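Novice: Let the sequences and hints guide you as you build the complete structure.
Chains F and Z, in that order, are what the protein sequence lines are. Taking this note's numbering, the leading residue of the first sequence gets 1, the next gets one more, and so forth. Taking this note's numbering, the leading residue of the second sequence gets 1, the next gets one more, and so forth.
No lab work stands behind these hints, which were simulated from the structure alone. Everything numeric in this text was worked out from a predicted model, so none of it was measured. Where is the CB? At the ideal position from N, CA and C, for every residue including glycine. Be careful, since some hints might not be right.
FRET-style restraints, in silico, Cβ to Cβ [said to hold, decoys possible]: (1) Z/D26 - F/D210: 42 to 48 Å; (2) Z/V118 - F/E47: 27 to 33 Å; (3) Z/K68 - F/S158: 20 to 26 Å; (4) Z/L111 - F/A89: 43 to 49 Å.
Covered stretches of chain Z, going by a simulated chain F footprint (3 or more residues, C-beta under 8 Å) [unchecked claim]: (5) 34–46; (6) 60–66; (7) 69–81.
Listed next, the in silico DSBU-like pairs over lysine-lysine satisfying Cα-Cα at most 35 Å (straight line) [said to hold, decoys possible]: (8) F/K55 - Z/K68; (9) Z/K11 - F/K64; (10) Z/K213 - F/K64.
2 protein chains.
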Amino acid sequence: MSPRTFSRIPKHIGIIPDGNRRWAVDNNLHKQDGYAHGLSPGFQLYELMIKYGIKEATFYGFTKDNTKRPKAQTSAFTKACVEAVENLADRDANLLVIGNTKSSVFPKPLLKYANQRVKFGRGLINLNFLVNYDWNWDLSHAYNGNNNPLQTNFDLISHIGSNDISRMDLIIRWGGRRRLSGFLPVQSVYADIYIVNQYWPDFQEEQFIDALKWYQTTDITLGG
Amino acid sequence: MSPRTFSRIPKHIGIIPDGNRRWAVDNNLHKQDGYAHGLSPGFQLYELMIKYGIKEATFYGFTKDNTKRPKAQTSAFTKACVEAVENLADRDANLLVIGNTKSSVFPKPLLKYANQRVKFGRGLINLNFLVNYDWNWDLSHAYNGNNNPLQTNFDLISHIGSNDISRMDLIIRWGGRRRLSGFLPVQSVYADIYIVNQYWPDFQEEQFIDALKWYQTTDITLGG
Numbered sequence: 001m002s003p004r005t006f007s008r009i010p011k012h013i014g015i016i017p018d019g020n021r022r023w024a025v026d027n028n029l030h031k032q033d034g035y036a037h038g039l040s041p042g043f044q045l046y047e048l049m050i051k052y053g054i055k056e057a058t059f060y061g062f063t064k065d066n067t068k069r070p071k072a073q074t075s076a077f078t079k080a081c082v083e084a085v086e087n088l089a090d091r092d093a094n095l096l097v098i099g100n101t102k103s104s105v106f107p108k109p110l111l112k113y114a115n116q117r118v119k120f121g122r123g124l125i126n127l128n129f130l131v132n133y134d135w136n137w138d139l140s141h142a143y144n145g146n147n148n149p150l151q152t153n154f155d156l157i158s159h160i161g162s163n164d165i166s167r168m169d170l171i172i173r174w175g176g177r178r179r180l181s182g183f184l185p186v187q188s189v190y191a192d193i194y195i196v197n198q199y200w201p202d203f204q205e206e207q208f209i210d211a212l213k214w215y216q217t218t219d220i221t222l223g224g
Numbered sequence: 001m002s003p004r005t006f007s008r009i010p011k012h013i014g015i016i017p018d019g020n021r022r023w024a025v026d027n028n029l030h031k032q033d034g035y036a037h038g039l040s041p042g043f044q045l046y047e048l049m050i051k052y053g054i055k056e057a058t059f060y061g062f063t064k065d066n067t068k069r070p071k072a073q074t075s076a077f078t079k080a081c082v083e084a085v086e087n088l089a090d091r092d093a094n095l096l097v098i099g100n101t102k103s104s105v106f107p108k109p110l111l112k113y114a115n116q117r118v119k120f121g122r123g124l125i126n127l128n129f130l131v132n133y134d135w136n137w138d139l140s141h142a143y144n145g146n147n148n149p150l151q152t153n154f155d156l157i158s159h160i161g162s163n164d165i166s167r168m169d170l171i172i173r174w175g176g177r178r179r180l181s182g183f184l185p186v187q188s189v190y191a192d193i194y195i196v197n198q199y200w201p202d203f204q205e206e207q208f209i210d211a212l213k214w215y216q217t218t219d220i221t222l223g224g
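Specialist: Okay, structure coming up:
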């Protein structure tokens, strides 16, 4: 497929890379061993998104909810997130890490990328990475004592914790679950949601292309 | 199907009754004529939900976004919402209408059901009806000058405009669109989402049964 094949391309895609643990179990590995197999798919998808002209992408790394899992798993997904960012530093993206940095489970090596966008190489795509993210934490930021959100036309999105992340046009979730699991509740309000039944470590280019093909058939009403 | 057939039933179901206008066009009617054909499906579904032991349901009536449509359409869907509530008054539900009542487009006959739950008959199900709803308006309510949402473990859901509506387990959307369109961003964070391709006026009992069958196959992790 050529990028020009598409009549309409989403500006901002949200990625939920789910199914790492189920993939591990299916492959006779420990659950926690799945996360390391999710790194290579992430970079394949990164390359494809640049090829197809996607301007912004948000990856769902891990959440506060996820940190309640057994230690072997939380260590493994934290390590995978840190490695993902370290590998990205050699490429061409503007990285923004969003999450609750004040918690002890936030990975220290990622602090320098949190809450400010850092340019790697030619900065060909804005990449957002949710790390120790929590939807309640995110939305609560709109209320800081100085804001008055009840005033007419208060623009909530400009005051939440993830305010540097724009509205998403398309969300692609791997692993077959049909839900958002707390993924950016404000930026997802008008997003079209595409489910890939295969697990994230079984990422294939055609899954992404099929999502883009489907997206161009949707209408865009923004609720109107 | 008997209610006992199911191993697990959702406690709270969200209903997005979409496709009224497309149904009208397909049936050689004016777009606005579709809404009146959405009333009977709503009561069929109400009866089924009581039969299957659903404790709470939320219907997406109309939104602030919707009120930007042509006058013939806004008049028609407002009329349908008022008629739905007037018909419900002869049945057995605890009704709560949620939406921005301070706007001139909020239907006056529904003011007496807004922001307080009203018991009809035996009150067999809690029914929430979103009328002139706006996700930005809803979330902005968490700020009232006395709250400090940035404190640890601030429970956002208890402070938003729709705080009397509980977390949804399952959302069923008719009309084939795969998105939430601003439907209760906080209560939908962990909801499983089921899409019915048929338009809402073509509601059939089996669509609901199929959604329940699918729901019992999902896992429930609440993000964990």
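Novice: Taking the hints in turn, state whether each one holds.
Specialist: Comparing the hints with the structure gives:
{"no.": "1", "hint": "Z/D26 - F/D210: 42 to 48 Å", "result": "violated, 27 Å"}
{"no.": "2", "hint": "Z/V118 - F/E47: 27 to 33 Å", "result": "violated, 57 Å"}
{"no.": "3", "hint": "Z/K68 - F/S158: 20 to 26 Å", "result": "holds, 21 Å"}
{"no.": "4", "hint": "Z/L111 - F/A89: 43 to 49 Å", "result": "violated, 57 Å"}
{"no.": "5", "hint": "34–46", "result": "violated (count 0)"}
{"no.": "6", "hint": "60–66", "result": "holds (count 3)"}
{"no.": "7", "hint": "69–81", "result": "violated (count 1)"}
{"no.": "8", "hint": "F/K55 - Z/K68", "result": "holds, 29 Å"}
{"no.": "9", "hint": "Z/K11 - F/K64", "result": "holds, 25 Å"}
{"no.": "10", "hint": "Z/K213 - F/K64", "result": "holds, 30 Å"}
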